[in-house]
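Enquirer: Chains as they are written, first to last, in the numbering used here: chain G, 1 to 556; chain W, 1 to 274.
One or more hints might be untrue.
A few chain G residues that don't get close to chain W, going by computed Cβ distances all over 12 Å [unchecked claim]:
#1 Val51
#2 Lys84
#3 Arg172
#4 Leu228
#5 Asp339
#6 Ile350
#7 Leu377
#8 Thr393
#9 Leu405
#10 Ala432
#11 Cys433
#12 Ile444
Distance ranges between label pairs, derived from CB positions [as the list claims (entries may be wrong)]:
#13 Asn139(W) - Glu213(G): 57 to 63 Å
#14 Glu166(W) - Leu49(G): 42 to 48 Å
#15 His39(W) - Pro424(G): 57 to 63 Å
#16 Val343(G) - Ser34(W): 29 to 35 Å
#17 Gln82(W) - Val320(G): 37 to 43 Å
#18 Pro203(W) - Gly425(G): 53 to 59 Å
#19 His39(W) - Leu492(G): 42 to 48 Å
#20 Asn139(W) - Gln204(G): 22 to 28 Å
#21 Ala100(W) - Pro424(G): 52 to 58 Å
#22 Arg549(G) - His39(W): 43 to 49 Å
#23 Pro203(W) - Arg549(G): 30 to 36 Å
#24 Val320(G) - Glu166(W): 28 to 34 Å
#25 Gly425(G) - Asn259(W): 34 to 40 Å
Everything labelled a hint here was simulated from the structure, so no lab data went into it.
Note that the Cβ used here is the ideal one computed from N, Cα and C, for glycine as well.
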Amino acid sequence: MVAKGMKAYKGKSQVGLKGEIAVWFSSLGLSLGLLMIVALLGVIAYNGLSVFWPKRVVQVEFDPQPASDLGSRSVVAGIITSQKTKSPDSVEEWRLFVGNKDQYGISFTYFDRGSLLNVTQPEGLLVLERTAYGKAIGYPEHISGPTGKIISAEHPNFAQRLGSLVKECQDRGKEIRKLETREIGAIHEALENLRLHQLRLERQSELSSEDREALERIDEERARYESLFTTLATRARLLRDLQISHKLHYRLASGEEIDLPIGEIHQFFYPNQIGFSGRAAVFWNHIKEFLLSEPREANTEGGVFPAIFGTFVMTLFMCVIVTPFGVLAAIYLCEYAKDGVFVRLVRIAINNLAGVPSIVFGVFGLGFFVYWVGGTLDQLFFSLRLPTPTFGTGGILWASLTLALMTVPVVIVATEEALTAVSPGLRESSMACGASRWQTIQRIVLPASAPGVLTGMILAMARGAGEVAPLMLLGVVKIAPSLPLDDQFPFLHLDRKFMHLGFHIYDLGFQSPDSEAALPMVFATTLLLIVLVVVLNLAAILIRNRLRRKYQMAGF
Amino acid sequence: MEKAVNMDPEWENRAASRRQDPPGRSYISVKDYSFWFGHTQVLQDLNLDMQKGSVTAFIGPSGCGKSTLLRSFNRLNELDPQARHRGDITIEDLSIYDPAVEVISLRKRVGMVFQKSNPFPKSIYENVVYSLRVAGKNNKSILDEVAENSLRSAALWDEVKDRLGESAYSLSVGQMQRLCIARAIANEPEVILMDEPCSALDPIATAKIEELIHDLKIKYTIIIVTHNMQQAARVSDSTAFFYTGNLIEYNKTQEIFLNPQNDKTEAYVSGRSG
Ligand SMILES: Nc1ncnc2c1ncn2[C@@H]1O[C@H](COP(=O)(O)OP(=O)(O)OP(=O)(O)O)[C@@H](O)[C@H]1O
Ligand SMILES: [Mg+2]
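Here chain W stands alone, though its shape is the one from the complex (with noise of 0.2 Å):
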């Protein structure tokens, strides 16, 4: 069983550091996580860390089991009554199976965009506040100025300012894929997931949404599953290569794309498999 190997020690030395960073910097850190639904394992003996306000991406041939570890740290595959797991996944210390901790808070703190946008029936206004309102929140003021600044931040605000109280279903895909971004963003979470947010979209909502990536690592912590290499390479500043729900590589960008240890990743990189 290959596991975090071929690690850059400099940037092993520069992670433990971050660690020792005072209360309050988050990070995530899976532990020999394993995964199945019903009897098939998808995921094997998992163990990697992701640091705070970076952006990490996870390739790997269709299948190898990049989604499922991507739901697993919103525990959003317990939906299926056949998922099963081993191990542990924390973030910031703290377990997200700990009994204490509530799924629905868990899901507060970890926001998700997936690859399908999938606005609410609903208007542009009513997506965004989303959580805020199935939290409880019914504050006009506060609700209008978050929605602002969620859309904002997801670039979509100059676009729908004067149409908030459209349907969503009006909007272009790109766009969708935006508010989907905003709809995320509006509770404040601490982490970000992302699985495939481009691969409906054509190449110039794709560099909308990288820019985004790039302006929202500032103050959240990004894990974007991704097909495509180049978006890899762009947008990730480490990168996880999995193959048949192993972890085979795991290490800065750079080092993946310019210098793999192993052949596999090699291979994927290259385009030479998967």
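Here chain G stands alone, though its shape is the one from the complex (with noise of 0.2 Å):
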């Protein structure tokens, strides 16, 4: 058969026959390669995505097994969220979320198709997404205030009733959380501040009458803040307290009954009841809250904004310091340095610091970054904060510092291509036009090699963001309490811990409670992973593009 090919061919050269080939050979290896990236992608986009859309919700009867997680109960409704066929004698087993933890203690359960009585959509079924515990499933019965039963769940207004009471909490939470962590933390600030004075002016040998005037007037201040806090203290009580004044009582298909504080929801819909559209507004609900606002629950519930906030401040701090530095190292190389043994050996180095894996940069970050200059820095400026450490422990400004260490190869070898492919034409003119070898840099050369080092400040972007390891030795953490970038002064916090996608995809799936129940957020995370460095990559390819156009070289 190939035989006969060849003969077809064999008026033609040989060379011909075999270029075919080879084009053959590439095209399938590429089609290969694009092939299982369309998939993986597919894969974790369709995952990812499916998360957010509400499902109906099926309740299903079945005989009482009292040895399995669900005891003696023969109703329970859930989302189906699997269903196999199991080969041998071809029975279709179902995977069923449940939800309801409070009272069933598991997320899912299993069943045979064939076990099941009796299986129905109700339509007053209702799903509950809480702050505690995850969702709730179940009929709901009546609102009830301090005073007693407000509406009942037959009211054709409930539901509109039990939105306004939600909302009307959640917007109390937002005043309660920034009573608590502004106010209240500022008032912990201003303390310890008040602390860390005392403690200097008690560490001197002598006390002036000045400084004991000045203790004394600490004392005083203290006094007053600490009064302060009471106040809001007890405001921010009263308002807990309102959170918890209505209840919404349901019952589960099981047939518990339950009272949940207005304040514990997050959001509620009708699963079976809502069509399209409605359907589509609780997907984009989800989406919001799944960009928007913080974790709960370890993780596995909310939203992951303080993890892509981390992800997007590193990447872009880690950006910062390693052009300027990757370009300063290829100016040096390219333009000064006399090729000899010495920038031999250097280039050498550059080239297989990029093999290094990365964990090893993560251990010499931690011992020369953190131990040694972080702790060096809060031996000379926060020597009153120890034993705590400021800079002596990981923060966003030792990661990024060692990402940029990673990365700095890939933007030297990639501004030196750049600068070499500039025309000496180009160099002779500016210095024959009188500037000097810097100002030809500078001027000339830098901005028409700007392409080029975006290139290379892309492709440590890709390497730096998606990056692990090394973080989880320099200050990367499950759950940040603040943002490495706020409205308090100095906005900037370089100290700070900080969340990261990457992290939070490998502590999901590997380091969670309950990880099966966390998959989903698994796949909405690293889609999201994808889409930011996507998103970061593009945007640098926009920029050279419009810089390419502009320094284009005239086609002659």
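Combine the two chains into a complex, taking the hints into account.
Expert: What follows is the structure, encoded as structure tokens:
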């Protein structure tokens, strides 16, 4: 068969045939690669997005099996999360997400389709997303206030009323959070500063009368802050009481009756009543929550905003450090260094640096930046706070610096390539105009090679943003109490620990107590990380293309 | 070793009388100048003088060292770390290698136009005023004036006056070359070096540049390297013929073309060699 083909080609040159085969092979390789990438992205995108789509809830009846997790219950409502047909006896097995973890203690349960007596989709079922224990699924009965029952679930305005109460509680929740983190936080900080001031005064061997006065003043101020603290704390407590003053009374499909404070409800919907637009609205709300809110319940619920923010700030910060550093190094190597043994050694070192495993950089960052540089900084500037470290512990600064170190070879190599690509004629004409070497580099060579520098930055970003291993040694945490950038002086808190999407994925998938329930979040977070890297890259590519157009060489 | 022989005596006298002109009249002289790239000698014991306000053409076969000598006048060869020289070049009796003279100030006095026009990746305006910018002059009104005057001198003003902010790469190749000339004269140099400025241009653009050289020689001393004999004959006052790093003949252009003294010169200008 091949021989026939050969014959047909005999008239033409042998090279043509070989070339054809090579083309086939390379295109095969390309399509295989593309196929794998598309499949991977497809799986992630499908799973990541379907998390947010509200699915219908079924109610199933079955013969109670006292040995199972559900005990003697014979009815349960839940969302079908998988339907598998086992091969030998072709029994269909359903996995049902039943929620109500406060009552059942489990998230999922399995049924053989054949053992189910009855499967329905009751319209009255309500899905509640709560601040604790995840979702609840049940039939609403009524809402009660401090003085008794307010509205029954049969009332036509019930959903509306519940919605407005939830909204009210959410607003109050925001106020409470502001009170507790901002205002009370500020008081804590002021008290800490007073303590440090006092410590500094007391460490002096002799106290002047002025110092003694100052100490007294500190005591006064402390008392003032403490009374302020009590007032604010009381107000917060009052608000908290209001959060639980109204309760939603609901009944599970299996019969349990529960009172849930409205303040614990995030969102609710009737999964079997709403149509497509209702579903889309819930979907949209879920995505908004995922992107913009903080995680709850050991990160398995809520959003990932701090992790997005941490990743973003860290990556940007890394770029800000690595770009000038790499560009300067490349300029030296390319423009000033005389070609010799030393330069060649440096080049070899740079190329090999790119192959060092990232965890090694993590260890180096920990030893050098955190313990040595950070420890020294602490002793010099923050000695009063010791033994609590300020910079002597992992933080976003050290993580960015270490990643910058890790990615600097990429920037150097790309920049050098771009610098050598600038035509010698341009340099000569600049020098002939009376420009010095540095002026030539700064005004002509660098702008002309900016697209190449950006390419290096893009590559560095792509490598740095997805890196997790070194970060685990350098200040990434499961839950960070505050963001590395906020409206409190000095705005950019480089010593803070931070959350990171890559670590978040690892943490959810492998460290969480109920990793099966966390799986959807793993997909969603992975999707988000990929999207974030793509967006950062696209932004850089757009800038690069604009620059290219600007500095495009004329076609001659 | 042949030197600048076969000089017309009268011309010599005129040159000598010009040398005695009052100070301020700049002229260039090359004295026993040799040049090496590494171990290869490129120029051998050259001697020649050029008058102020004249156009001198360098001709000779490819690789004979014309560009190297031209680039010696603004010390551009020194960008190559292998470059070495012996002998001296003076402009207005001041050695260009004088330790008191900075290379940068020398390059401000000696502008250059290259064979391949290479505008900077900047706007037309910024290209013209580049030499002022690097000299630290940023006064807008001065820059505007210089830009207009230089572009007018380079006969480009009318074509670009409405698009000064556009990228220089939007110009045609001929316009780009005139832009490079405008760039070279923006800083008011005394000497302009041109290395085959028309080799990439069509006849009309070439004619424009030649006309320009005619106008510019009132103010500037021009040295031009060219492979085009007609061009050398049209634009230059005197012509130097080089052969393998030696100056074979240097005389008034008319003499070189009509009455060459050396066989090699005759062969070259009549198109029988090179
Ligand atoms: N940077 C350099 N390093 C080494 N040799 C060089 C260098 N530049 C020029 N040369 C050599 O010096 C000699 C003279 O070169 P030059 O460019 O001056 O010739 P040219 O007369 O301008 O030729 P053309 O008419 O082709 O432009 C050539 O043999 C060339 O190979
Ligand atoms: Mg040349």
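Enquirer: If a hint holds in the structure, say so; if it does not, say that too.
Expert: Outcome of the hint check:
The non-interface label for Val51(G) is consistent with chain W: the shortest C-beta to C-beta separation is roughly 48 Å, beyond 12 Å. The claim that Lys84(G) lies off the interface holds: its Cβ sits roughly 62 Å from the closest Cβ of chain W, which is beyond the 12 Å cut-off. The claim that Arg172(G) is not at the interface with chain W holds, since no C-beta of that chain comes within 12 Å of its own (minimum 57 Å). In this structure Leu228(G) is separated from chain W by more than 12 Å, as the shortest Cβ-Cβ distance comes to about 56 Å.
Not every beta carbon of chain W lies more than 12 Å from that of Asp339(G), the smallest distance being close to 9 Å; the non-interface claim is violated. In this structure Ile350(G) is separated from chain W by more than 12 Å, as the shortest Cβ-Cβ distance comes to about 23 Å. Distance to chain W confirms Leu377(G) as a non-interface residue, since its nearest Cβ pair spans about 40 Å, more than 12 Å. A cut-off of 12 Å between C-beta atoms confirms that Thr393(G) is not in contact with chain W; the least separation is 47 Å.
Interface exclusion of Leu405(G) from chain W stands, the closest Cβ pair being 32 Å apart, more than 12 Å. Against the 12 Å criterion, Ala432(G) falls within the reach of chain W, whose nearest CB is about 4 Å from its own CB. For Cys433(G), the non-interface assignment is contradicted: its Cβ lies about 4 Å from the closest Cβ of chain W, within the 12 Å cut-off. Consistency note on Ile444(G): stated as away from chain W, yet its beta-carbon is not over 12 Å from all of that chain's, at 6 Å minimum.
In this structure, Asn139(W) and Glu213(G) meet the distance hint of 57 to 63 Å, their C-beta atoms being roughly 59 Å apart. Roughly 46 Å separates the CB atoms of Glu166(W) and Leu49(G), a value that falls within the hinted 42 to 48 Å. For the hinted restraint 57 to 63 Å between His39(W) and Pro424(G), the CB-CB distance of approximately 22 Å leaves it violated. A beta carbon spacing of about 31 Å between Val343(G) and Ser34(W) agrees with the range 29 to 35 Å that was offered as a hint.
Hint check: Gln82(W) to Val320(G), Cβ distance near 40 Å, so the stated range 37 to 43 Å holds. Restraint check, Pro203(W) to Gly425(G): a C-beta distance of roughly 24 Å breaks the suggested window 53 to 59 Å. Restraint check, His39(W) to Leu492(G): a C-beta distance of roughly 58 Å breaks the suggested window 42 to 48 Å. As the Cβ distance of Asn139(W) to Gln204(G) is approximately 58 Å, the hint placing it in 22 to 28 Å is violated.
Taken as a hint, the range 52 to 58 Å is violated for the pair Ala100(W) and Pro424(G), whose Cβ atoms sit roughly 29 Å apart. Evaluation of the 43 to 49 Å hint for Arg549(G) and His39(W) yields a pass: the beta carbon distance comes to about 45 Å. Under the hint 30 to 36 Å, the C-beta atoms of Pro203(W) and Arg549(G), about 32 Å apart, fit the expected range. Range check, Val320(G) to Glu166(W): about 32 Å between beta-carbon atoms, so the 28 to 34 Å window is met.
Our hint of 34 to 40 Å for Gly425(G) and Asn259(W) holds, since their Cβ atoms are close to 38 Å apart.
The structure fails hints 5, 10, 11, 12, 15, 18, 19, 20 and 21 (numbered hints given earlier, in ascending order).
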